[in-house]
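Using the hints, position chains F and Y with the ligands against chain Z.
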Amino acid sequence: MRRQGLKPPGAFVRLSEAYRQQPSRWGPLLTTVIILCLVSFIHWAGGHLNPYQVRILNLIGINIGLGLSLNLINGFTGQFCLGHAGFMAVGAYTATLLMMPPAVKQMNFFMVPLVAPLRQVELPFLAALLLGGLLSALMGVFIGAPVLRLRGDYLAIATLGFSEIIRIVITNIRSVTNGALGLKGIPAYTDLWWSWGFALLTLVVVSRLIHSSYGLAFKAIREDEIAAEAMGVGLFRHKMLAFTLGAFIAGVGGGFLASLLTTIDPNMFRFTLTFEILLIVVLGGMGSITGTVIAATIVTVLKEVLRGVEAPMDLGFVSLPGIPGMRMVIFSLLLIVVVLFYREGIMGRRELSWGRVLGTRDKTPDRGADT
Amino acid sequence: MDLALFFQHLANGISLGSLYALIAIGYTMVYGILRLINFAHGDLLMMSAYIVFYGMLVFALPWWLSVVLAVLLTAALGMGIERAAYRPLRDSPRISVLISAIGVSFFLQNLGIVVFGGRAKAVYRPAWLAATIDIGGVSITTLALLIPGVTLILLLMLSHLVYRTKTGMAMRAVSRDYDTARLMGIDVDRIISFTFVTGSALAAVGGIMWALRYPQIHPMIGVMPGLKCFVAAVFGGIGNIPGAVLGGFLLGIGEIMLVAFIPNLAGYRDAFAFVILILTLLFRPTGLLGEKMAEKV
Amino acid sequence: MSLLHLQGVGKKFNGLTAVSDFNLSMESGELVGLIGPNGAGKTTVFNLITGVHKPTEGRIVFKGEDITGLRPDLITRRGIARTFQNIRLFSKLTALENVLVANHLRLRSSPVEAVIRLGRYRSEEREMIGYSRSLLEAVGLAHVAGEQAGSLPYGQQRRLEIARALATRPSLLLLDEPAAGMNPVEAQELMDFIRQIRQEFDLTILLIEHHMRVVMGICERILVLDYGVTIAQGSPADIQKDQNVISAYLGVETDA
Ligand SMILES: Nc1ncnc2c1ncn2[C@@H]1O[C@H](COP(=O)(O)OP(=O)(O)O)[C@@H](O)[C@H]1O
Ligand SMILES: [Mg+2]
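Keeping their order, the protein sequence lines are chains Z, F and Y.
Quick note on my numbering: the first sequence kicks off at 1 and runs consecutively.
Quick note on my numbering: the second sequence kicks off at 1001 and runs consecutively.
Quick note on my numbering: the third sequence kicks off at 2001 and runs consecutively.
Some hints could be false.
What the hints assert, rightly or not - Below, a sample of chain Z positions facing chain Y; criterion: calculated Cβ distance under 8 Å:
{"#": "1", "residue": "Ala-116"}
{"#": "2", "residue": "Leu-203"}
{"#": "3", "residue": "Val-205"}
{"#": "4", "residue": "Leu-209"}
{"#": "5", "residue": "Tyr-214"}
{"#": "6", "residue": "Ala-217"}
{"#": "7", "residue": "Ala-220"}
{"#": "8", "residue": "Glu-229"}
{"#": "9", "residue": "Met-231"}
{"#": "10", "residue": "Leu-241"}
Quick caveat, the hints were computed from the structure, so don't treat them as lab data.
No residue lacks a Cβ here, since even glycine has one placed at the ideal position from N, Cα and C.
Here chain Z stands alone, though its shape is the one from the complex (with noise of 0.2 Å):
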């Protein structure tokens, strides 16, 4: 390092001293006071709630995983993104067609039978869901690579094309994936211990490569392109590590979907599947950690909530009619006026942190989390 022959200002080392990062001495303990509390909340709940409840709490867990994939594209690299549902199916089909026992094959496949190759694998969850994961990225890597050249709307468009592609060409190979008939019976393995490791493993990788200096280069890049390649970033580099590795969190939270909901069919994964990520990385603010996983709760819970009104309703004395469409209308709305009236969602970008909760000094809020 050359050395520094100007003097600084007066006020500097103090200044500077109180701008230096102190994470909250109690930081780390009341993490691990936390994850405790979510261990034996986990541990707890598989006894005490009813199937219906687990569900909305693993379904909880896979979307603040599916958030976080989606805002480290859209949110923190700037790149917007509509191909969730895409990379969804792949690691879905990939998971469900490694992890089915063979059994259950033969009996999905009655019109066309499976190819031969897969008709007798039976891979354990975790490699089936890898597997699902990395096959998604590759195909993160072949679509990134073209696309990611092209900015803003174009690159919505052409990620929701390839999104598209996806689904049809898994329509139409049934020899694989059975379909438009879909695949039924998969073996029912996520529970909470998986959804919610999944979604606690993608917050602290998630949030540890945002708060590390490629996580700068990300934020440089949503920033101004221009700048952040005349400062000596890669643009290609950093927007396809974004990129694959939202892929891959996408993958596998689609292998976790699939396991939970037992029937996948290639209709799920239209764009409205999209849409409701999209929907919690805005709502939750593009670009905050916490306020995905906020929003991720929020919007996992009133759906359920929601469907309560698209269901016929009997009230003892009088009976309503349940009104289809009525919960995405709301949706639809919802996601209107977040953008119009709350442009930076619940959180914005910041987040929330142990110095902010405990009301201590902290500066800075983008590099202030401490997973």
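For chains F and Y with the ligands alone, kept in the frame of chain Z given last:
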């Protein structure tokens, strides 16, 4: 290859292509002025089809009155969407407006499900429209002839509007350079509203003809044509009206020919447009007739 | 061997010739000025050197290596850094983060190491933060390290942009109208500052500037562009006497 069969498919392709062209114009005009992919554009077509349907069946209006009503209401809806969901975001990042447009699109689709019901409804098609005419061994339905005819008339009207009237000149000015146009005293807000009205009216007519072509309607009917017509607009060169028309025709004809000559790929019909989109974006991002726009540093 | 060598470089934008037959050789340690009326093609020359635009003609050689048409980030890695005429800071990031980004190109740890926070990554990060702080200190911005770059006053943003460019550890620094929008006193201070960093960091500097008096005072050699053509070059004294320059440039902007 049987020549008559080829012309049969060509006629079919031209008919579909002119529908695409009609709808693509709305995308290209809005993109030209606001640099916005109006995701909700495709859903306007669905709205228009339903208005005609309800006008005729529920309110027993004559067909022409229903059509006029549908065009007017859809145009008003298009304008209202711009006012409510896009205009407040005029100075925000373009992505915000895009998100808003996605929201509006999903809103309209699901409002359609709530109001009209999710099930497909059969559209009454007068017998004379389904009647076939034989031209040199090629048999074409009246409807398949009517669609390009209507498109042609509307295109002539549009080109008069855009290239021969003051409003049209203002539209082109705003599309070329928004800020300069404003400085020159053009009422940009009015021009934008007018653009939405025009594009939506065309989409309305397109929607009605679409409903007649596949004689049934459902709330998601606008999704695929919407996406495909955006592709047509990009393919032709976004922001460029003749480009959108060209793109629409090529896409329609290409799609029909693909299915006709490679029946194995029939299942991939809907993917065709997206493949075209991606190839265009990669190899000729300005489209067939578009001009290059470089960013200044 | 010269540090930077441009030979017959030209750039056309859809028929419009922004720069034509531009030739320049810079020796290590030189401070050269590039002046000319608005739209003369000065910024375009910077964009060509830094790879933002690919030249339509000519060759650009830096440290003996042909860098013509290379990607901007790779050119920066080879030791050319720049500032922008219209400040392009990462306005939502803090001042410190802005400078840190420019250290990223030296990071050797992989993303996996960054996530796991292995020893190597930690020490690299520590070094980057330390160096960035000392740079902020050097440009007198240490006290605003935690402020959002976009919220800083204009003059500080200019300095921050220079600090950010320095963080890439360049040997050649390109400054595009760094004193734009400053009053003569501030401009003079900035020039003193530029002289200082040039010493401090062993820099070679190519400077675009509108403030004539300032350019004349600080540069050893000046090139004058007009409509993309180099109409004069030489010492400040020569330039001031040059008839072409007086009619093309000084006649219009006597003393900005
Ligand atoms: N990206 C671009 N696309 C088209 N024309 C450009 C671009 N960048 C610069 N120009 C044109 O090149 C000429 C020189 O511009 P510039 O280099 O910015 O001038 P200066 O910096 O000397 O004021 C101008 O006529 C400008 O309009
Ligand atoms: Mg300039």
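Cross-check of the supplied hints:
The restraint placing Z/Ala-116 at the interface with chain Y is violated, with a minimum CB-CB distance near 36 Å, outside the 8 Å limit. Using the Cβ-Cβ criterion of 8 Å, the hint placing Z/Leu-203 at the interface with chain Y is not satisfied: the shortest such distance is roughly 12 Å. Annotation: Z/Val-205 was flagged as interfacial toward chain Y, and the flag holds, the nearest CB pair being 6 Å apart, inside 8 Å. At its closest, the beta carbon of Z/Leu-209 sits 5 Å from a beta carbon of chain Y; the interface hint therefore holds under the 8 Å criterion.
At its closest, the beta carbon of Z/Tyr-214 sits 5 Å from a beta carbon of chain Y; the interface hint therefore holds under the 8 Å criterion. Against a cut-off of 8 Å between C-beta atoms, the interface hint on Z/Ala-217 holds, since the closest Cβ of chain Y lies about 5 Å away. Evaluation of the Z/Ala-220 hint against chain Y yields a held restraint, the C-beta minimum of about 4 Å falling below 8 Å. Given hint, Z/Glu-229 at the interface with chain Y, holds; its Cβ is 4 Å from that chain's nearest Cβ, closer than 8 Å.
Checking Z/Met-231 against chain Y by beta carbon gives a least distance of about 4 Å; that is within 8 Å, so the hint holds. Because the beta carbon of Z/Leu-241 sits about 6 Å from the nearest beta carbon in chain Y, less than 8 Å, this interface hint is met.
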